[in-house]
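Q: Got two chains here, separate frames each, mind docking them using the hints?
Protein chains in written order, with the working numbering: chain D, 1 to 379; chain F, 380 to 452.
Just so you know, the hints here were simulated from the structure itself, not pulled from any lab data.
Note that the coordinates shown come from a computational prediction; the quantities given were computed from them, not determined experimentally.
There's no promise every hint is true.
Some but not every residue of chain F turned toward chain D, in silico, with C-beta under 10 Å [claimed, not checked]: (1) Gln381; (2) Lys402; (3) Gly407; (4) Glu411; (5) Ala421.
Calculated lysine to any residue pairs in the SDA-like style (CA-CA distance at most 20 Å, straight line) [said to hold, decoys possible]: (6) Lys402(F) / Ser31(D); (7) Lys264(D) / Ser404(F); (8) Lys264(D) / Glu439(F); (9) Lys364(D) / Phe330(D); (10) Lys402(F) / Ser94(D); (11) Lys402(F) / Tyr216(D); (12) Lys206(D) / Thr438(F); (13) Lys429(F) / Tyr216(D); (14) Lys417(F) / Thr349(D); (15) Lys402(F) / Pro120(D); (16) Lys273(D) / Asp384(F); (17) Lys417(F) / Ala202(D); (18) Lys273(D) / Lys417(F); (19) Lys264(D) / Gly418(F).
Glycine included, every Cβ here is placed at the ideal spot set by N, Cα and C.
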Amino acid sequence: MAKNILIVGGGLAGTIVANGLCRQLAPQLRSGEVVITMLGTTETHMYQPGLLYVPFGRIREHELFRDQRKVLDRRVIFHVDPAKHIDVEKNQVSTAGGRTLKYDYLVLATGSRIMPQSIPGMVEGGHWFYDLEGARKMRDALSKFEGGKIIVNANAPHKCPVAPLEITFMLYDYLKAKNLLDKSEIIYTYPIGRLHALEPVALWAKPEFDKLGIKYETFFNTESVDPGAKTITSAEGVTLPYDLLVTIPPHQGAQVIVDSDLGKGGWVPTNTKTLHRDGSTNIFVCGDTTNIPISKAGSTAHFEADVLIDNLASLLTENRMARDYDGKVFCFIETGSSTGTYVWFNYTTPPNPGPPSQMVHWFKLAYNRLYWLSAKGLL
Amino acid sequence: MQTIDARGAFCPGPLMELIAALKLSAIGDQIEILSTDKGSVADVPEWVAKVGHKMVGVTEKGDHWSIVVEKAK
Ligand SMILES: Cc1cc2nc3c(=O)[nH]c(=O)nc-3n(C[C@H](O)[C@H](O)[C@H](O)COP(=O)(O)OP(=O)(O)OC[C@H]3O[C@@H](n4cnc5c(N)ncnc54)[C@H](O)[C@@H]3O)c2cc1C
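In isolation and in its complexed conformation, chain F is listed as follows (with noise of 0.2 Å):
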């Protein structure tokens, strides 16, 4: 599983470097990200959800979340 490490990132953001990386992936890919920033736990299901995508889970860990997706379209 490819982890992208956007903690403390406040440019793009941890969305857009998830979008930019679902869109090398393959399909059936998971892919984890890992935020610093609360907003994403809310940001980045609700686009997985939109665009059709699958959430595969959220989980807290200390300072920062840990969110993986995998890619289903």
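Excised from the complex, chain D in its bound form (with noise of 0.2 Å):
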């Protein structure tokens, strides 16, 4: 009998976990005795941190979308066929088309999602980035805005703990650019008591901050937007007017998760090391799915990724785990509109950011291009 591994979600960790696996199994591939099946969502494959440039008219959108099937190795059997329920006591996963697929190794991939209805007013009184409507709205937003108080304001938990960062330097760069400077002023609010969760990130962008005149407000977690005041309130008590306000809504995982009871708000406990479902042996969860208390990134979920698929092939082939995942992350942070830096860090290594420089902030836009190479497994 073949072996089934479904992976659920076609994002970036279930597009480089299926890739990777197709490459690492390709003789059991061949002969049938493994079986590789995604479940997604739709046809298409977004590239997410392309969604930065939208606001600022600095990507065509027809550049943040592949088709998923040419960017998944053929062998994987992909049905744009949501999951519906994860029964972990059958082995099983139904669908909203109707499908029960069983299997013998789950990869969880769903990923996590914004949720700006969870605070009163934000729908109505916020703009983002972090999906593309939203993103276009914020760019009509951008285009009318004629000077006044910008208030960048990032909630937890978020996906790309840099994006915050990111977009307040390119807001400063636009209105720059636009001769707005002068009548404009750029508020960043962050949840807890300094301007990055990251330390030696925070420290680096307080001067940064300081030397553009960029105001900031630390322990602010938003309760309540009033879209008709145009202001915001945090939980600890603070109310700030704005002009525009550009938003990291809070995030939650998948419905699914929630749903099928693996995970409250949709994050799955996972073991730090194996990837494993907490409780299981042939469930394994990688991405921003995990409740795992690293940064949700790309990043994150290409280097569980790789270590998930040096495991289930070890599995399928020598049965035994190949290694452990050590937490590594590295992440760019753009700087500005032509300057960026980076940082990588892993459970036992702090981040030590560099001078940011023009080479970094080329680096990230290649890799823009190059991630569709990184989707294949190919980088």
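A: Below you can see the structure in the form of structure tokens.
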């Protein structure tokens, strides 16, 4: 009997895992010993980091999308048919389209999503760039912006930990280019008592903000937005007026995780090293959907996927796990429209960002294109 | 009681994890956060006081701290 590997979610993590497994299990796929199936929600694959450039008109929308079938190794059976219920007792997943799929190994890679609706007034009063519709709306709002107070508001938890800083620096450069700086003010808010979760990044960002005259309010967790009065209020009791509110709404995991009772808020309790779902030996979790206290980022998904591929391939061919995930994360940080820096860290090595340079910015731009190779597992 | 093991977490860090977990909890729930970052011993109580939740206690456990918070609003 063939061993069935079922991957739920065709975003970055699911795609890298699927493609990597195809390479490592080529003989088993050929002989029919192994079958890899993926469930996704759409025909297209979106390059999410590209959304950052949409509000500024610096990327064409079609550059964000590829046909998922073309990104995926052709040996993977791909259904555009979202998982509706995951039954870990019966080792099966039922789908919106009425399929029931049995698995021997399950990979949960359903990612995370923004929940602006969880904060009163945020949908009506806020702008964001975390989905295409939001990014387009923000582009329109920015093109009409004639100066005033812009609040950049980050909420916990969110994916791409550096995005709040990046959007702030990019907004600054945008206002400068439009000659709107002297009529404008940027105020950055952050949930904890410094400018970024990573202390070295926070220490680096503060003098940068001070130099540019960007104001900040820390310990700010949004409780409500009043779109009529154009104010935003924190759970800590601070109310700030705005002319344009740019927010990174709080995130949750996928609804199917909640509905299948696999984790509060859609976050699946996951072993930090083996990436097993807690309590299972045949279910792995990869990418944003884990509850591991590290960055929800494409790079995290990528490094986790590499480990998962080795382990699943070893389990199938030699009945052993190959290696542990060490917590590695790597993030580019855009520090303006033409400079950037980066950080890397793992469970034991703290991050240490270098001075921003044009070269790192170019690397990030290059990566925007290389993404597709990375998803294909070629990078 | 829910425990969040944020030992060794560089990003998003113990306080961000706690904030995220409290959002999903009910009033009266207690959450324990484990942290190896000494900064958390100051950060967490400061934030908890600011926002109006309740500190239950901070205990040093060898190489890490256990910080227990109760959701109050
Ligand atoms: C604006 C922005 C900028 C970013 N910038 C960076 C960056 O510079 N660097 C970086 O490393 N990361 C960045 N990220 C984060 C990165 O995109 C994510 O962390 C990464 O995509 C996570 O991969 P994933 O596979 O876990 O989730 P995703 O890529 O989101 O994939 C999850 C997939 O699961 C699917 N799914 C959900 N529910 C179901 C279901 N029921 N059945 C089947 N499929 C389902 C979804 O449709 C989706 O396709 C950025 C994100 C955004 C939004």
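Q: Now tell me, hint by hint, if it's right for this structure.
A: Right, here's what the structure says about each hint:
Interface restraint check for Gln381(F): the shortest CB-CB distance to chain D comes to about 8 Å, inside 10 Å, so the restraint holds. With 10 Å as the threshold, the beta carbon of Lys402(F) comes within range of chain D, its nearest partner Cβ sitting at about 7 Å, so the hint holds. Interface hint status for Gly407(F): violated, as the beta-carbon distance to the closest one in chain D is roughly 16 Å, over 10 Å. The closest approach between the C-beta of Glu411(F) and any C-beta of chain D is roughly 14 Å, which is over the 10 Å cut-off, so the hint fails.
Hint on Ala421(F) holds. Least Cβ distance to chain D is approximately 9 Å, under the 10 Å limit. Between Lys402(F) and Ser31(D) the CA atoms are separated by roughly 49 Å; this puts the pair beyond 20 Å, and the hint is violated. Restraint check for Lys264(D) and Ser404(F): the C-alpha separation of about 9 Å stays at or below 20 Å, so the hint holds. At most 20 Å may separate the alpha-carbon atoms for a hinted pair to count; Lys264(D) and Glu439(F) exceed this at roughly 28 Å.
For the hint linking Lys364(D) to Phe330(D), the alpha-carbon distance of about 12 Å falls within 20 Å, and the restraint holds. A threshold of 20 Å between alpha carbons decides the hint, and for Lys402(F) with Ser94(D) the separation of about 30 Å lies outside it, so the pair is violated. Restraint check for Lys402(F) and Tyr216(D): not satisfied, since their Cα atoms lie roughly 23 Å apart, outside the 20 Å limit. Among the hinted pairs, Lys206(D) with Thr438(F) is inconsistent with the structure: their alpha-carbon atoms are about 32 Å apart, more than 20 Å.
A hinted pair counts as satisfied when its Cα atoms are at most 20 Å apart, and Lys429(F) with Tyr216(D) qualifies at roughly 17 Å. Distance hint between Lys417(F) and Thr349(D) is fulfilled; the C-alpha atoms sit about 16 Å from each other, no more than 20 Å. Under the criterion of a C-alpha separation no larger than 20 Å, the hint pairing Lys402(F) with Pro120(D) is consistent with the structure, at around 14 Å. A distance of roughly 13 Å separates the Cα atoms of Lys273(D) and Asp384(F); the hinted pair therefore holds under the 20 Å criterion.
Simply put, Lys417(F) and Ala202(D) have alpha-carbon atoms about 17 Å apart, close enough for the 20 Å limit, and the pair holds. Between Lys273(D) and Lys417(F) the CA atoms are separated by roughly 24 Å; this puts the pair beyond 20 Å, and the hint is violated. Restraint check for Lys264(D) and Gly418(F): the C-alpha separation of about 27 Å exceeds 20 Å, so the hint is violated.
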